[in-house]
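K.L.:
Residue strings, one per chain:
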Amino acid sequence: MRRHPVGFRYASALFETARENGTLEETLADLATVSQVMEQTNLLDEVFRHPKMTDQRKKGILEQGFAGKVSTPVFNLLRLLVDNKREDLFGVIADNFKALTYEAQGIAEADVYSAKALSEEEKEAIARVFAKRTGKTELLIQSHVDPEIIGGLRVRIGDTVYDGTIANQLARIHERMIEGNSR
Amino acid sequence: MSIRADEISALLKQQIEGYETEMEVSDVGTVIRVGDGIAVAHGLENVMAGELLEFSNGVMGMAQNLEENNVGIIILGPYVDIREGDEVKRTGRIMEVPVGEELLGRVVNPLGQPLDGKGAIETTKTRPIESAAPGVMDRKSVHEPVQTGIKSIDALIPIGRGQRELIIGDRQTGKTAIAMDTIINQKEEDMICIYVAIGQKESTVAGVVETLRQHGALDYTIVVTASASQPAPLLYLAPYAGVSMGEEFMYNGKHVLVIYDDLTKQAAAYRELSLLLRRPPGREAFPGDVFYLHSRLLERAAKLSDDKGAGSLTALPFIETQAGDIGAYIPTNVISITDGQIFLQSDLFFSGVRPAVDAGLSVSRVGGSAQIKAMKKVAGTLRLDLASYRELEAFAQFGSDLDASTKSKLDRGARTVEVLKQGLHQPLAVEKQVFILFALTRGFLDDVAVEDVQRFEAELFTFLEHNKKDLLAQIKDTGALADEDAMNGAVEEFKKTFQSS
Numbered sequence: 001m002r003r004h005p006v007g008f009r010y011a012s013a014l015f016e017t018a019r020e021n022g023t024l025e026e027t028l029a030d031l032a033t034v035s036q037v038m039e040q041t042n043l044l045d046e047v048f049r050h051p052k053m054t055d056q057r058k059k060g061i062l063e064q065g066f067a068g069k070v071s072t073p074v075f076n077l078l079r080l081l082v083d084n085k086r087e088d089l090f091g092v093i094a095d096n097f098k099a100l101t102y103e104a105q106g107i108a109e110a111d112v113y114s115a116k117a118l119s120e121e122e123k124e125a126i127a128r129v130f131a132k133r134t135g136k137t138e139l140l141i142q143s144h145v146d147p148e149i150i151g152g153l154r155v156r157i158g159d160t161v162y163d164g165t166i167a168n169q170l171a172r173i174h175e176r177m178i179e180g181n182s183r
Numbered sequence: 001m002s003i004r005a006d007e008i009s010a011l012l013k014q015q016i017e018g019y020e021t022e023m024e025v026s027d028v029g030t031v032i033r034v035g036d037g038i039a040v041a042h043g044l045e046n047v048m049a050g051e052l053l054e055f056s057n058g059v060m061g062m063a064q065n066l067e068e069n070n071v072g073i074i075i076l077g078p079y080v081d082i083r084e085g086d087e088v089k090r091t092g093r094i095m096e097v098p099v100g101e102e103l104l105g106r107v108v109n110p111l112g113q114p115l116d117g118k119g120a121i122e123t124t125k126t127r128p129i130e131s132a133a134p135g136v137m138d139r140k141s142v143h144e145p146v147q148t149g150i151k152s153i154d155a156l157i158p159i160g161r162g163q164r165e166l167i168i169g170d171r172q173t174g175k176t177a178i179a180m181d182t183i184i185n186q187k188e189e190d191m192i193c194i195y196v197a198i199g200q201k202e203s204t205v206a207g208v209v210e211t212l213r214q215h216g217a218l219d220y221t222i223v224v225t226a227s228a229s230q231p232a233p234l235l236y237l238a239p240y241a242g243v244s245m246g247e248e249f250m251y252n253g254k255h256v257l258v259i260y261d262d263l264t265k266q267a268a269a270y271r272e273l274s275l276l277l278r279r280p281p282g283r284e285a286f287p288g289d290v291f292y293l294h295s296r297l298l299e300r301a302a303k304l305s306d307d308k309g310a311g312s313l314t315a316l317p318f319i320e321t322q323a324g325d326i327g328a329y330i331p332t333n334v335i336s337i338t339d340g341q342i343f344l345q346s347d348l349f350f351s352g353v354r355p356a357v358d359a360g361l362s363v364s365r366v367g368g369s370a371q372i373k374a375m376k377k378v379a380g381t382l383r384l385d386l387a388s389y390r391e392l393e394a395f396a397q398f399g400s401d402l403d404a405s406t407k408s409k410l411d412r413g414a415r416t417v418e419v420l421k422q423g424l425h426q427p428l429a430v431e432k433q434v435f436i437l438f439a440l441t442r443g444f445l446d447d448v449a450v451e452d453v454q455r456f457e458a459e460l461f462t463f464l465e466h467n468k469k470d471l472l473a474q475i476k477d478t479g480a481l482a483d484e485d486a487m488n489g490a491v492e493e494f495k496k497t498f499q500s501s
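Line by line, the protein sequences give chains A and B.
Residues 1 to 183, numbered by the UniProt record's numbering, are exactly what the first sequence covers, in order.
Residues 1 to 501, numbered by the UniProt record's numbering, are exactly what the second sequence covers, in order.
These are calculated hints, taken from the structure and not from any lab test.
Each hint should be verified, as a subset may be incorrect.
With a straight-line Cα cutoff of 30 Å, these simulated DSS-like cross-link-like pairs (lysine-lysine) come out [what the hints assert, rightly or not]: (1) Lys140/B with Lys116/A; (2) Lys98/A with Lys89/B; (3) Lys116/A with Lys89/B; (4) Lys136/A with Lys89/B; (5) Lys308/B with Lys140/B; (6) Lys89/B with Lys123/A; (7) Lys476/B with Lys496/B; (8) Lys116/A with Lys85/A; (9) Lys132/A with Lys89/B; (10) Lys432/B with Lys407/B; (11) Lys140/B with Lys496/B; (12) Lys69/A with Lys85/A; (13) Lys201/B with Lys140/B; (14) Lys407/B with Lys421/B; (15) Lys69/A with Lys52/A; (16) Lys125/B with Lys308/B.
Simulated coverage check for chain A against chain B, where a stretch passes if three residues somewhere in it have a Cβ under 8 Å from a Cβ of chain B [claimed, not checked]: (17) 65-76; (18) 151-160.
With beta-carbon atoms standing in for the labels, derived distance ranges [claimed, not checked]: (19) Thr41/A with Asp36/B: 34 to 42 Å; (20) Arg176/A with Arg213/B: 43 to 51 Å; (21) Tyr251/B with Ser119/A: 40 to 48 Å; (22) Glu121/A with Tyr251/B: 55 to 63 Å; (23) His174/A with Arg365/B: 51 to 59 Å; (24) Ala458/B with Ile178/A: 27 to 35 Å; (25) Ala285/B with Ser119/A: 56 to 64 Å; (26) Ala32/A with Asn46/B: 50 to 58 Å.
All values reported here derive from a predicted model rather than from experimental measurement.
Ideal placement from N, C-alpha and C gives every residue a C-beta, glycine not left out.
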């Protein structure tokens, strides 16, 4: 996880609160909902940036939109961000919070690239193998199809890439032939 | 050697069949910003400071700034193909250069890749470009001389093996010429020379290589060049690459001379990449660690103790000043790091005193103990002679009546200046230097006209080579003056045959 210098402070504060209340799952879901809404409505990147927008009206909009629908800590976070003029950081905070939560629960996200679409059993098998390898309890697999890798798999977990694709092996053979030695 | 095509195919087939289909595991990051010679990447969580990184197009980089949420990278090669969003891979290696005797006679870039079109360099060893300097117990004080073959340096500002002697002066005052002459003179001295050209014109470097080749000096020289057209990171790395190549020889008990031409440009390159990496600028916009940049480089010059093989690495850093201002930031820094400096004056250069060494401002803090005995004896009064000459010269321009002692001082001074002049690429063996300085300090030149001094010198050497070879050999072998009467006799004998013009 890359820590955003400011966002991470908010994220860890929210994380502490949620863990004390035992509402990690719920908070995570709330953050995802809010992020989705923000994205769909352009609330953060257009509406809130309008020169005539005041803090009062921002809070009004948030109250209308989210009061009662998300948990109090998340709603309070939104209002606090407006007060501190840090509402731009919401996306980063959500990301950092997710990373913190996953770390605490031993979950990791994995991007899997394959030449053909994967079946559910295959996904499960990959999750099992790589969860063991990385020492996590659970892997959430995001599957991507990329015909250019020809065959095999390319798995990215955090900053680590496990590359067993045919394309990569061909590239390495190519390199070795140019260098003229076998390592 | 002839290999048939089917043999190659069989070999390749074998390699392909035996290829392990193992999974490649690598740590990666994503480029978020690319500037002139630098990139900033997100990710790369476990990267080490100074680690080599590989961009997706094969260009290498070096991790410099490790920050909370990004990594500053200097790019070691063409950076125009690197785009935002590209992947950067960790290699797990620290920056290294190839080292070994295979490099001798070659021209390489700071990564150790050949630039002279003579094919691959089959080195077997590498060395990290940043390594710790030898410690206190590993060192010994400097006691053997580096014979530069330049009279004014060997006599007045002697350099010892393992010393760091700064050569400083304005542009066009003959700094590079001193380096060339010194390298050329190492032919008989069992020295390995490394010439590091930083930010020089390609044409200048080509000229240097050609000069060395013509004088047969390339056989024991490595030229490391990062020319003006290379990106700043390579200019910044060039001296470290050069000193690493030299260290390998030093730790094997050999003597090495490394010339950094010049460190002003390296400092400017470092300033450029530091500003692009957003490090806070300090005086003259140099970053805070610009002193450490040079001190850690020059600390690696050393004379090793006998336990460590008694090798040595002599450093001759160059600094270019602006209009003779040695009080600027980089010159004062490097003056304080080195064991003395040779100051070249443009006034002297244009008045025909070449090499344009300013005897008053130049010093060697440790070289005195490395001078051979004979030289010490004849050169002892030289500095004083020159100083009093420069002092009186100014007065003498006004007055016409001079007393005898003043006049004799002026005459001696004028002849001293004349003797210390030396042509380009004509380094002089130490025994000959001793002989002409002997003739000068014992007053044999006082009745020779000033314009005849250089001819006198040349003819004296010819005479000695033909008639008094034993005297020259004796000085060379023992390092001490030969029998003084015999030397007096030789000079007197020659003087009888000398025709003044």
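K.L.:
Which of the listed hints are broken here?
P.N.:
Failing hints, ascending: 1, 8, 11, 13, 17, 20, 21, 24 and 26.
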